[in-house]
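S.K.: Model the placement of chain H on the given structure of chain X, informed by the hints.
Okay, here's what each chain looks like letter by letter:
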Amino acid sequence: GIQVEQSPPDLILQEGANSTLRCNFSDSVNNLQWFHQNPWGQLINLFYIPSGTKQNGRLSATTVATERYSLLYISSSQTTDSGVYFCAEGPPGGGNKLTFGTGTQLKVEL
Amino acid sequence: GAVVSQHPSWVICKSGTSVKIECRSLDFQATTMFWYRQFPKQSLMLMATSNEGSKATYEQGVEKDKFLINHASLTLSTLTVTSAHPEDSSFYICSAPSAGNTEAFFGQGTRLTVV
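Residue numbers (my numbering), protein chains in the order written: chain X, 1 to 110; chain H, 1001 to 1115.
Please keep in mind that the hints were generated in silico from the structure rather than gathered at the bench.
Possibly wrong hints are sitting among the right ones.
[As the list claims (entries may be wrong)] Cut-off 20 Å, straight-line C-alpha distance, at most; resulting in silico cross-link-like pairs (SDA-like, lysine to any residue): (1) H:K1041 - X:K54; (2) X:K54 - H:K1014; (3) X:K97 - H:Y1058; (4) H:K1041 - X:D10; (5) H:K1014 - H:F1091.
[What the hints assert, rightly or not] To give an idea of the chain H side of the interface with chain X (calculated C-beta under 8 Å), a few residues: (6) F1034; (7) F1039; (8) S1043; (9) T1049; (10) D1088; (11) F1091; (12) A1104; (13) F1106; (14) R1111.
In this text, all values refer to a predicted model and were calculated from it rather than measured experimentally.
Virtual Cβ for every residue (Gly too), placed ideally from N, Cα, C.
With the rest of the complex left out, here is chain X (with noise of 0.2 Å):
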């Protein structure tokens, strides 16, 4: 099956400060999603992003298809961002059936 891969594994930020976060595929992308995982463990949809580009507020993401991998930038980092990022793909034709990355574990700092 497919692999995806995540990275940076670990990021600690001030404040205030910018990031972005990488998910690298083996295989073709179809229905790419992003989520933040918070400390309860609550899986919070960021974005479903295929291909193209979105922004939601200080979040944005990019899906470069024909090259396998997704982006997905903070700007602006608040101590509520901190918690684990992850990148998942589905199978063609249904987007639910995921493969999830290995995860960004973000600490923001005051």
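M.R.: Relative to the frame of chain X, chain H by itself:
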């Protein structure tokens, strides 16, 4: 977005007992739901696909007799961990697809501790 509710949020049980976890789609119908497991400091791994009105399909290495899945209605799937052992302690989380089967929406997860 779609709302998926999972219950209980956490449970502690004794070795050898069974635990049932419920996953409900609150504002939409889901003929298919998915169950994942997450060990500490690790990523989520798909365990099985729950199919309304038919048998679940399990991923390789997941014991179907240990992890019983029932999808009795279009809004409810249950996962029963039978004869639980300490190594079954984990975070279990379900998901259901949005209309159009594109985005996945997740329940709150259930933290199971077997003592």
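S.K.: Against this structure, judge whether each hint is valid.
M.R.: Evaluated hints:
Straight-line distance between C-alpha atoms of H:K1041 and X:K54 comes to about 29 Å, which puts the hinted pair past the 20 Å bound. With a C-alpha separation of about 47 Å, the suggested pairing of X:K54 with H:K1014 is violated against the 20 Å cut-off. Proximity of X:K97 to H:Y1058 is assessed by CA-CA distance (about 12 Å); at most 20 Å being required, the pair is judged to hold. With a CA separation close to 11 Å, the supplied pair H:K1041 and X:D10 stays within the 20 Å bound.
Restraint check for H:K1014 and H:F1091: the C-alpha separation of about 17 Å stays at or below 20 Å, so the hint holds. Evaluation of the H:F1034 hint against chain X yields a held restraint, the C-beta minimum of about 6 Å falling below 8 Å. For H:F1039, the shortest C-beta to C-beta distance to chain X is roughly 12 Å, which exceeds 8 Å, and the interface hint is violated. Because the closest C-beta pair between H:S1043 and chain X is about 5 Å apart, less than 8 Å, the hint holds.
A distance limit of 8 Å between C-beta atoms decides the matter here; for H:T1049 the minimum to chain X is near 6 Å, and the interface restraint holds. For H:D1088, the shortest C-beta to C-beta distance to chain X is roughly 17 Å, which exceeds 8 Å, and the interface hint is violated. A hinted interface residue such as H:F1091 counts as satisfied when its beta carbon comes closer than 8 Å to some beta carbon of chain X; here the least separation is about 6 Å, so the hint holds. About 4 Å separates the beta-carbon of H:A1104 from the nearest beta-carbon of chain X, less than 8 Å, and the hint is met.
Interface hint status for H:F1106: upheld, as the beta-carbon distance to the closest one in chain X is roughly 4 Å, under 8 Å. Below 8 Å, beta-carbon pairs count as interface contacts, and H:R1111 has one with chain X at about 7 Å; its hint therefore holds.
Checked against the numbered hints above, the structure breaks hints 1, 2, 7, 10 and satisfies the rest.
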